[in-house]
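Please model the complete structure; the sequences and the hints are all you need to start from.
Protein sequence lines correspond, in order, to chains A and B.
One rule links them: number in the numbering used here = place in the first sequence (from 1) + 35.
One rule links them: number in the numbering used here = place in the second sequence (from 1) + 35.
Please note that the accuracy of each hint is not assured.
A pair counts as met if it fits within one copy or between any two copies, since identical chains are not told apart.
Pairs of lysine to any residue, SDA-like flavour, derived with a Cα cap of 25 Å [to be verified]: (1) Lys456 / Asp66; (2) Lys281 / Ser307; (3) Lys401 / Pro482; (4) Lys281 / Pro87; (5) Lys334 / Leu289.
Please keep in mind that the hints were generated in silico from the structure rather than gathered at the bench.
There are 2 protein chains.
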Amino acid sequence: MAVEGQTKEQKERSAVVKRARQSQWPAIPMDEALKAIETLARKFQPESKCFPVAALQPGRVLAEQIFAPEDVPRTRTSIKDGYAVIASDGAGKREVIGFSTAGGPSNQTLKPGQCIRVSTGGVIPAGADAVVQVEDTELLKDDGENELVIKILKAPSVSQDIREKGSDVKLGSLLLDVGCEMGSAEIGLLNAFGIQHVEIYRKPRVCVLSTGNELVEPYMPQVPLGHIRDSNRSQLLALFRGQNFKAIDAGIALDKVETLEYAISVASQFASVIVTSGGVSMGEKDHLKEVLQDRLNLKIQFGRVWMKPGLPCTVAHGSIADREVVVFALPGNPVSSWVCAHLFVSPLLRFSAGLSRLHATKIRVKAAEEIKLSPRPEYCRAWIDMEKGGDLPVATLTGNQISSRLMSLVGAQVLLILPQKGQISDGSKIKEKIEAGEILDAIVVGPI
Amino acid sequence: MAVEGQTKEQKERSAVVKRARQSQWPAIPMDEALKAIETLARKFQPESKCFPVAALQPGRVLAEQIFAPEDVPRTRTSIKDGYAVIASDGAGKREVIGFSTAGGPSNQTLKPGQCIRVSTGGVIPAGADAVVQVEDTELLKDDGENELVIKILKAPSVSQDIREKGSDVKLGSLLLDVGCEMGSAEIGLLNAFGIQHVEIYRKPRVCVLSTGNELVEPYMPQVPLGHIRDSNRSQLLALFRGQNFKAIDAGIALDKVETLEYAISVASQFASVIVTSGGVSMGEKDHLKEVLQDRLNLKIQFGRVWMKPGLPCTVAHGSIADREVVVFALPGNPVSSWVCAHLFVSPLLRFSAGLSRLHATKIRVKAAEEIKLSPRPEYCRAWIDMEKGGDLPVATLTGNQISSRLMSLVGAQVLLILPQKGQISDGSKIKEKIEAGEILDAIVVGPI
Numbered sequence: 036m037a038v039e040g041q042t043k044e045q046k047e048r049s050a051v052v053k054r055a056r057q058s059q060w061p062a063i064p065m066d067e068a069l070k071a072i073e074t075l076a077r078k079f080q081p082e083s084k085c086f087p088v089a090a091l092q093p094g095r096v097l098a099e100q101i102f103a104p105e106d107v108p109r110t111r112t113s114i115k116d117g118y119a120v121i122a123s124d125g126a127g128k129r130e131v132i133g134f135s136t137a138g139g140p141s142n143q144t145l146k147p148g149q150c151i152r153v154s155t156g157g158v159i160p161a162g163a164d165a166v167v168q169v170e171d172t173e174l175l176k177d178d179g180e181n182e183l184v185i186k187i188l189k190a191p192s193v194s195q196d197i198r199e200k201g202s203d204v205k206l207g208s209l210l211l212d213v214g215c216e217m218g219s220a221e222i223g224l225l226n227a228f229g230i231q232h233v234e235i236y237r238k239p240r241v242c243v244l245s246t247g248n249e250l251v252e253p254y255m256p257q258v259p260l261g262h263i264r265d266s267n268r269s270q271l272l273a274l275f276r277g278q279n280f281k282a283i284d285a286g287i288a289l290d291k292v293e294t295l296e297y298a299i300s301v302a303s304q305f306a307s308v309i310v311t312s313g314g315v316s317m318g319e320k321d322h323l324k325e326v327l328q329d330r331l332n333l334k335i336q337f338g339r340v341w342m343k344p345g346l347p348c349t350v351a352h353g354s355i356a357d358r359e360v361v362v363f364a365l366p367g368n369p370v371s372s373w374v375c376a377h378l379f380v381s382p383l384l385r386f387s388a389g390l391s392r393l394h395a396t397k398i399r400v401k402a403a404e405e406i407k408l409s410p411r412p413e414y415c416r417a418w419i420d421m422e423k424g425g426d427l428p429v430a431t432l433t434g435n436q437i438s439s440r441l442m443s444l445v446g447a448q449v450l451l452i453l454p455q456k457g458q459i460s461d462g463s464k465i466k467e468k469i470e471a472g473e474i475l476d477a478i479v480v481g482p483i
Numbered sequence: 036m037a038v039e040g041q042t043k044e045q046k047e048r049s050a051v052v053k054r055a056r057q058s059q060w061p062a063i064p065m066d067e068a069l070k071a072i073e074t075l076a077r078k079f080q081p082e083s084k085c086f087p088v089a090a091l092q093p094g095r096v097l098a099e100q101i102f103a104p105e106d107v108p109r110t111r112t113s114i115k116d117g118y119a120v121i122a123s124d125g126a127g128k129r130e131v132i133g134f135s136t137a138g139g140p141s142n143q144t145l146k147p148g149q150c151i152r153v154s155t156g157g158v159i160p161a162g163a164d165a166v167v168q169v170e171d172t173e174l175l176k177d178d179g180e181n182e183l184v185i186k187i188l189k190a191p192s193v194s195q196d197i198r199e200k201g202s203d204v205k206l207g208s209l210l211l212d213v214g215c216e217m218g219s220a221e222i223g224l225l226n227a228f229g230i231q232h233v234e235i236y237r238k239p240r241v242c243v244l245s246t247g248n249e250l251v252e253p254y255m256p257q258v259p260l261g262h263i264r265d266s267n268r269s270q271l272l273a274l275f276r277g278q279n280f281k282a283i284d285a286g287i288a289l290d291k292v293e294t295l296e297y298a299i300s301v302a303s304q305f306a307s308v309i310v311t312s313g314g315v316s317m318g319e320k321d322h323l324k325e326v327l328q329d330r331l332n333l334k335i336q337f338g339r340v341w342m343k344p345g346l347p348c349t350v351a352h353g354s355i356a357d358r359e360v361v362v363f364a365l366p367g368n369p370v371s372s373w374v375c376a377h378l379f380v381s382p383l384l385r386f387s388a389g390l391s392r393l394h395a396t397k398i399r400v401k402a403a404e405e406i407k408l409s410p411r412p413e414y415c416r417a418w419i420d421m422e423k424g425g426d427l428p429v430a431t432l433t434g435n436q437i438s439s440r441l442m443s444l445v446g447a448q449v450l451l452i453l454p455q456k457g458q459i460s461d462g463s464k465i466k467e468k469i470e471a472g473e474i475l476d477a478i479v480v481g482p483i
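In structure tokens:
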């Protein structure tokens, strides 16, 4: 058969005959895959920039240590609304010689038998060594406008209701550390000290590319037979954006080696982390591993992982046009790509964001029902109920866990970590299932 | 004494003589305060608007039920890369008559002894009733380009590796419900069905006002004696923004009744929820309750709550210039205002955002150390450690819990709910403290 006589489609199909009928990639265990990710992560050190505190939003990550530029409080202040007194005067009458409010300090000096009215946060006047709250006093004499004499009902003790200078924060003490995630309290703290600018980490950028001849844009009015709308891209973009990363839409690439090579090369100009979905399994159109390895000359760190859902999950690392990149080639099934994004991509991005903690939080939960174990370790999507009996949250599977079933992700709050069948054995018996009520580790992936 | 002869300052101080020396407001119990908030919340029903799915970001809340506009999959598709076969043909040889890839369906009909190559997601051709994965086949004959004859190694069963039409989602079934918070999975799902627009709830708006003569803007280069920088405002703005609400900066108001009245009136034009801090305690400059009740004619729902930190927390409701408003007048201490914002303001805003769950998540934790109980129920800030022994997270207090100490909020992940001293008694003994290792409820307030 003359090669000249072949149509383009025929040429492509010719590869089918030569394809491997078993995957050439060993399925590595999860802990090995995660270790590879951690090693890779260290190559993508976070970058920092100077940022105005006035524009800081929750979720940014601090890239410097912040030390207190002054004592808090700066002077002795009152904890209560009441009277600054000399403690050794005891209970009884006091002449009121003035007032010291927050924002209106007194410059008088207290002598025995005298007191000065103070409000919460007001500066303690010279000579005073205690505050008596207004509730513990009586007004004895006034001139119709001002208090002249009051009675202290209970003898005060020295330092009572006084915030000493530097008692909350000492000048020079560490306020916030590198890697600290800015929340409302941290932003308030920076403002309390009048800090105007801080060094924060840049948000890591990640490019999201969908691959597949069968994909159409979700806004297309008609979807031809055999085609589906591309939901992976919007899903992954939202996933990364929800985690405070900068996610860039790289579109859809057709299943052709040249197209894939070009699309990934373009993506590498926008981000050093590239996430694709589809094209990594055993299908005749699954060219991604070949493209990554042979055309882009990246080193495939792993080409399969012994887990579910996401067996063909692939990670490659290297340089494209002198830019260091990592490509996460996730499986095309929407559930697999979502789970693998959480397990593999997010930890690397978290590191690159400057967060001190690489992995998502794990909690312990109780299985609501019996769950059959799979030959591979499995990450099942589950809802949790905090109120349902006992001290631990109760986890219920989000229905059928088949990897095409996008509905199994809806509202999912955790990924239950299930061991593979038979992995845990008690003596002679092989473990086939998780019993209802059994305690499991779970990775938090949604609002709990 | 002629009133004409008084300076303005003297006139103001004249009120000091007449001030109550005990709070006139009963300190209501927490459950009563929360019930009042829930009743109020129902007056601030969420509003919805039509929104393009392409612009949806995580955190928005759905205001309509979404039903599946089609079956998923729309036709029978393959779960694996392999061959569509007739199951009753059993194991053995098959003639390969064509191919059906995702995006390239076949229009051939299978006859006994024949098979059609399929890829994952590819349409199952007419006549076929099972898929055999490529790993379970051998190539027997080819013409150098195309597969001609293969061998099925293991007899397939009917329906094997076929996703039936509608097996993931049935046409017309409920996909997402009202009040559902949009996450990556939900956004992906809408795109998978080609849904272009959804009705979502508007983000509730909240105006944040600081009050106090002692306050200066955080960007001021000098802070005069007796003054402090206003950190409450940036803190509360960040707190509400971090929870996906629209928070508006209403500035600082001085402690004068006219100023406070004006500032709150202006704020009411921008938002129906107004949050102030400061001016609600027993200080001579604490005019807020008077302003809310007597000048703005709002009804004070409660003027003190029997809890800590935040005893003088005040909530008022009514109309300003025909706009229904609720004013949360929080205490001025940064810790009290932060805790009260979480406990009282956020639930009302969550309701107004359309979220089905009013209150933040509670988890159960183990106390890392002994904690002394206060006469009031207390909400202590704590860090949690998920790894530290046992199934429950271990909670450690964030240092000294005094309400002025902003540092006690840094990194706080939960509010430990402590009962008041003596509230729980076992027989004759009064409970004075929480023992190390005791299990407590905790409200989640930060990333865990």
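Right, here's what the structure says about each hint:
no., hint, result
1, Lys456 / Asp66, "within (17 Å within a copy, 48 Å between copies)"
2, Lys281 / Ser307, "within (12 Å within a copy, 33 Å between copies)"
3, Lys401 / Pro482, "both (18 Å within a copy, 22 Å between copies)"
4, Lys281 / Pro87, "both (19 Å within a copy, 21 Å between copies)"
5, Lys334 / Leu289, "within (23 Å within a copy, 64 Å between copies)"
In summary, this structure violates none of the numbered hints.
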